[in-house]
Amino acid sequence: MILNKKNLTPLLESMAAGRDVFVPARVDGVAKFALFGEGVECAFDLVNTTMPPKDLLFPQTQKMYHFDVDANGNYRIREYDESREQVVFGIRPCDMRSIVCLDEVFLTKGFVDEFYANAREKLLTVCIGCASAAETCFCESMGVDPQAAPNADIMLQDCGEVYRVLAQTPKGEAEVANWAAFVEEGDAEPVACELSLAVDMDGVVDKLEGLYDHPIWENLSIKCLNCGTCTYVCPTCHCFDISQDMRRKDGVRFRCWDSCMFSEYTMMAGGHNPRPEKLERVRNRFMHKLNFFERRYGMSLCVGCGRCVEKCPVALDITRLIDDIGACDVVPVAQAE
Amino acid sequence: MSVVETNEAAAQVPENWEPKIIAFCCHWCTYTGADLAGLNRMNYPANVRVLRIPCSGRMNPQYVIEALNKGCDGVLVCGCHPGDCHYVTGNYFARRRMMIFKRLLEYEGLEPDRFQVRWISGAEAGKFRDTVMSVVEQVRALGPLNLTREIPYFELPAVPDGEEAFDAVPEEVVPEEVSA
Amino acid sequence: MSRIGVFLCYCGSNIAGTVDVEAVAEMARSLPEVVYVETNKYTCSDPGQEGVKNAIIEKGIDRVVVGACSPRMHEPTWRKLLADTPVNPYMLEVANLREQCSWVHKDREVATAKAIDLVKMAVAKVARLQPLHSIEIPVHKKALVIGGGIAGMQTALDIADAGFQVTIVERETSLGGKMVMLDKTFPTMDCSACICTPKMSEVGNHPNITVKSYSEVENVSGYIGNFEVTIREKAKFIDYNLCTGCGACETKCPAKVTNAFEQGMSQRTAIYKMFPQAVPAKPVIDAEHCLKLTTGKCGVCSKVCPTGAINYEDEDKLTTETYGAVVFATGYKLIDWKPLYPEYGGGKYEDVITGLQFERLVNASGPTEGHVLRPSDRTEPKSVVIIKCVGSRDPNKGKAYCSRACCMYSAKHAHQYLDKVPDGKCYVFYMDVRTPGKGYDEFYMNTLHDGAQYIRGRVSKIYKEGDKLICKGEDTLTSSQVTVSADMVVLETAMVPADGIDELAAKFTVGRDADSWLVEAHAKLRPVETNTAGIYLAGTCQGPKDIPDSVCQAGAAASKVIGLLNKDALQSNPQISRVNETLCQGDGACVNICPYGAISIVEKQFRENSRKVVRPVAQVNPGLCQGCGACTVTCRAGAMDLLGYTNESIMREVDALCQW
Amino acid sequence: MTAQDTIRARARELLESGEVASFVGWEAGRFANQTTPLIISDPADADKLVFNEYCVNTLAKYVRDLVPRGKVGLVVRGCDSRGIVRLIVDQVIKREDVYLIGVGCPGVIDRKSGEPLKKCTECRHNNPVICDEMAGDEVAKDAPADRFAEVREVELMAQPERSRYFESIYAKCIRCYACRDVCPCCTCRECFVDARRENWVGKQNNVAENRFYGLTRVMHIGDRCIECGECERVCPMDLPLMKLNRKVIQDLNDLFGEFESSMSLDEGPEPLITYDLADREEFM
Amino acid sequence: MMKYAYFPGCSANTTGKSFTVSTAYVAEKIGVELVEIPDWNCCGTSAAALTSPELAVALPARSLAIADRELPGLDVVAPCAGCYRSLKTSLAFARESEENRELIKKIINAPYEAKADVLTLLDVLATDEARETIAAKVQRKLRCLKVACYYGCAMVRPADVCECDNVEDPMEMDDLMELIGAEPVDWAFKTECCGAAQQMTIPVQAKPMIERIFQNAVANGADCIVTSCPLCMLNLDMREAEINRARVANGLEPFDIPCYYFTELIGLAFGADPDEVGIDIHFHPAKTLLLQRELDALELEEAENIARAEEARKKAEMAAKIAAKKAEKAAKEKAAKEAAAQAAAQPEEGKEAAE
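Protein chains in written order, with our numbering: chain F, 1 to 337; chain Y, 1 to 180; chain H, 1 to 660; chain U, 1 to 284; chain V, 1 to 355.
If you are wondering where the hints come from, they were derived from the structure by calculation, not from laboratory data.
We put the beta carbon where it would ideally sit given N, CA and C, even for glycine.
Among these hints, one or two may not hold up.
As the list claims (entries may be wrong) - Pairs of lysine-lysine residues, derived as DSS-like cross-links and limited to a Cα-Cα distance of at most 27 Å, are as follows:
| no. | chain 1 | residue 1 | chain 2 | residue 2 |
| --- | --- | --- | --- | --- |
| 1 | U | 71 | F | 278 |
| 2 | U | 94 | H | 612 |
| 3 | H | 468 | V | 287 |
| 4 | F | 109 | F | 171 |
| 5 | F | 278 | U | 94 |
| 6 | U | 48 | H | 604 |
| 7 | Y | 20 | F | 249 |
| 8 | U | 48 | H | 612 |
| 9 | H | 524 | Y | 127 |
| 10 | Y | 127 | H | 106 |
| 11 | U | 71 | H | 604 |
| 12 | F | 122 | F | 109 |
| 13 | H | 348 | V | 287 |
| 14 | H | 468 | V | 207 |
| 15 | H | 472 | V | 207 |
| 16 | Y | 70 | F | 249 |
| 17 | U | 243 | Y | 70 |
| 18 | H | 461 | V | 146 |
| 19 | V | 146 | H | 472 |
| 20 | U | 243 | F | 207 |
| 21 | V | 207 | H | 461 |
| 22 | Y | 20 | H | 106 |
| 23 | V | 207 | V | 29 |
| 24 | F | 278 | H | 199 |
| 25 | F | 278 | H | 524 |
Claimed, not checked - Chain H residues, not near chain F, derived (Cβ > 12 Å throughout):
| no. | residue |
| --- | --- |
| 26 | 317 |
| 27 | 423 |
| 28 | 441 |
| 29 | 621 |
| 30 | 643 |
Chain F with its partners taken away, still in its complex shape:
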């Protein structure tokens, strides 16, 4: 089944009838996923948005509970559920791969985060493959096919003039069912997308375990500013802090993004900080991206979208780190029993 690019806008308008459709767009000069509607013109020409789509599933500030004391003095807690039927149209394969990571974190290993779960259920993902890549894209090296996203509901492979429509989940099939007016039969060959940037990932995960005290961290971390840019533009970063906003007798408990780059992130009562210096914090972030997540969930936490490489104020580059790790000759430590 193929979908002509010309029909995109009418398709979007029809989908937006009952639901919120988020499309990549430039709002006030910032490329992000915005609610499709008048005054928002889609920017499918963007290779990728600056702000990742994770905001739809895991907003920067999410109200969790409202609590107060009722008339006879006992606590009353009411949970917010702001999840709504949403469609994210035009999400890229690397971001789809990041949703896989987020699903692992929020939905598996014994505790289901229902705020994330509610949002995730109601989200329909329409992924559009990449015909061309930015200079900072290296998704192939991280095992992501620029024209394929197994976990997307619907996959539109970019074939130049048209998209090749693949419904990959029951939800996707149901949705494609009512695209009849916009799609035609037939097939098309997706355009091959070459990436200029590639890294060699094999052996890196194991090597990292032996590099704990290796000077490469020193050289890398010394130039980091410890701002939170990379963690906030990264589609897979999922650390958050919970705090509350009190009024006299009632208040709202909310969750908000936090960054392991901030020194206050690991500040403990009494003033001890397990990661006091930049070195520990930078090492921890890259280890989490490339090693810890692999060990725990069996997949890399970096999807190669290149946003952090693009947006880092001091051009601290994960790909150069991977190259440097490759170049190191440290023998990998035996597998932890």
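Using the hints, position chains Y, H, U and V against chain F.
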């Protein structure tokens, strides 16, 4: 992040709306002036609440932002006349800081009358009353502060019908064993 | 969880008249952390206070909010009340429900709503307060008086008589200041030396007073009760233990130096006593003019000295001592009128002299042994013109202020002249005659009766014709031009602060006004204190005044010092700034904003992340800090906070007010 | 001998002689015309140092972490040198902690657009204000058109429009604090945003909290800002932060007389921590 | 070469004729070129300020603007004190601010940069270069002539505009007089007001002002008064006769004090004949004093020559006596030496004889 919509709810003026103004007054001069106004049984509108600080030099611009963010419609900062400061130079520094801060707030779109600074001595009870009355009138004319602020507008979560509240502690969840 | 007690007062009908106190109490009970609310008809009355005390103890209250009259009124009362309870006196916040609520609003409902807000703010603030304790500052039972004039001496005597040690630092070689230069003093015309020299000798011999003549303050540190003052005793080249003051050396010394004490109208030797009755009654060698010290020749004085007290290798001596209080009595000097008034000859005419020069002429121990002889040719002037307000009340050329004492001493000069030269004519040009003291106006009337001719107008020009000084002026009462040809002219010039007052006052961080007079804490209520605790003023250093006022101020300053030194220790003001050393970076933005110089940067050692680190941090001196809080705002990181008005408590107060 | 060669040679000499323990400069990045800061302590790495018109980053603030290891060598252009002066005047480091190799700056080019960076078009001091030695001579540069053009442009907007304009700015801010972490004036050990007890700024990301952070930061650095424009460059959301900083600088100059911060080590106190009896009186 | 733009002023060829003549003479003698400003206009001292302040500033500015344009780079010399003050005030006003200059330009509708400075003739002659040439050019020192230098008020007040060093006791003219051998007297009325216009409006009250000036000059031993302002000259010289008449009526000694322009005296010192430098058109007879003093000077010179000759003779006498004494002493010493030599020689002869 939702597109910015200034608080439409705040824009319409509720019918019996009264401006809420906070006045940071220095203990040695203006607070004394305010007390004197009381002694002379002067009368002025009750919209102004006085917060006592030792000196206008103690006035941190961050309190003004807090007040405006948390619901005040106007802020008044008062201190001794330059030269009379009990701590000699407190108000000289305050004068410079407040001049710069007032221009910055107006630059960011705050109506000039919402943030005012006035030197009122311990003997100027009349001036205190007149200042309070003029500030209240000016802020009343401007209406509620039309600034985006989430705090006063906790949209209470919709309580699912019939269910008053739910048990705060979730039911027991058995962790799956760790996959290889 | 703190247990806050709220005590609301009816204040008879003052508060209850327009505020529904019970409704406020009802609301207060619903506030978080408030465990007990009580209303009272008169909380400040004894029964009222008893009730509060019992409630505190019974209910185990640890923080108290009092909703009553202004804190400026009864906060000390509530603090004393809390002192008798386990609650720290500073865990208290007062909501001003009377002066700023019930008295100024008529509508009961509006006033009650405001009262509720004020109580909410008070509760929010008290919940964040911490117990504060003032510390004891030791008081050294010694006073330092700077300046040995009549004011300095009187202060020193009063303090010494109260049993405290006093040190007088006098820049000149002897006590006495300006008063000892005068001949007579108004209004009683008793001889100045006769009432001043006894005081000098009393000071010289007083067991509790150490006189450091020919000495100056080198530098100062410390604060009230603990002023570390270094005094430089300039080299006298004479060993005062050996010297008997016989004066043999003075007679033999060949050097000739203009005598500043005699206002430049006579010469003195290099080794000299300022005047015969000097205290200490021993000479000093003037290093600049002594031939031995400048050229190496001579040395006559050491030869004639019977006790061998002369020591040419003497050096300045620096001594540092700690004083509990410091009194400035640095006095005044006459304005240098010559550059300011070229129309009076600008110093070209020798017979145009100042008031002090006239005092030396009529003084028996002066250069002319009391005969009024004019400096140029030592003849007796048959007509004298006295011009008042030269440099005073003249913002364009001199000083804008009135020097207060010249009206009286110009009348005295006229009287003395007419007394000494019976056939002399004396004209006094004046703008106003100000005689604001006991017996002052009568004294002025006597001078008029003596025949002094008061002409209301200014002298516009003095010029020499032949050996006469022609004074051209006007008489505004008859609006006619007046020309007086005089033999001598006396200018009553303005008083200005003594030389070097700016540097000296800066060392003690004492304020000065535009004319460099020392600034008192409050013009009307605290005239002898300064903004720097422990430093007091006496005499003309605070502004022009005559001898009676100077002596009055000296007594006042002494009583303040005695009041201070009586205490073994001082209670420091606990509501002062406190440094959070983990946040402080030692950038010193707070240091130069502190009006009291209470903050200093010190190197300190810390353990950070299991590593020893030495870094500069700010340190607040509890004795000096007055708790204004200016430093808390310049400290960007919020390391500096003001106890009693912490950032957190003010923020919560603002929050409490804003959330209805 | 281009400036780059001189820098490399001098860096090697300084490191070999042990006069400096570490040297800060730029090195080539992975992509075309990309540079990234480089901190070396081994003389052999000196040849990695580059100096061209793509050296985007201002290096001053790195010195703060390097000083504990010993004296730091540093390449300084106009903005870097003023950053160093700022650190010294704020007592973060001492003058003898750094060895400065000055170099005239022709203005940095954006590697993507090829245009000079905004901060460089507005730069008024492209030659180092202090340095121990010069690698290559100063570069003449004509002063930019109008320093406060942007500010005036905003001032001309009507009040409601200005209010919406700044609300949209504060809505975009994601509170990543890059502007704070790159700024040489922001050297507090713990920023006020982390002061949990005072809780000046909540942790949630909404217009009100972002406004609190934005306004407070401007008031904290307003009288010391060196106008290097880095905060604007590093902001991932491209917020026009210099419009705020320059507004305060313009007002300070108008009200209290011209004050160019961080131009020399012995300049007087900044305008907001001093006063003048003859200041304008508008609150009487 | 000293070259200036010259602003003559209205009194130059009228009441101040002798000032102009003597100035020209002196200037030519010491090589100062005074180029008259073409189409200069009244400086407005007398009435401009009464009509409007702008006029008082613009009138002189017009001439200054012409000087800027026509004679670029030359400073303007205004010998008459009244003109000097008006020009100087206008210049100060123009240099005070940009708007002031714009205002002036609008009124005189001509470009005006206020570059040229305004000087008095005294300033010109007080420069080192001028003083050297004057000293060189002096042929006859005006010895024993006691002069009271009278500066008037316009050249010194207001002090900040006229940039005068000492408002009460200026010394520029005194130094010049010393240069040409005269003896300036130390007196107190150097800058006292001469009554200026008031002499016409309220003569009764104004007369004593002049009388006092003469009185103080005489009291301090002055023979004559030297001035540099045509108006002062006018008041002093012209009204001396009236004052003398009044004094004689009151039984007081009349004054006999001629008044001169300082340029007239410098001219005389250069050897000029009084008529050449305009001394012939004075009110008060001015020549007799000069002749008298010239005679005194000659007699003084004679007496000095005699005294010098006497001294020389005495010195020569004493020198001769000293020489004689010295010769005597030398002769005695020689004689003693010979005697000693002979005594030493004898024993040898004895010894030789003995061998």
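Item to check | Which numbered hints fail | outcome: 3, 6, 8, 13, 20, 23, 24 and 25
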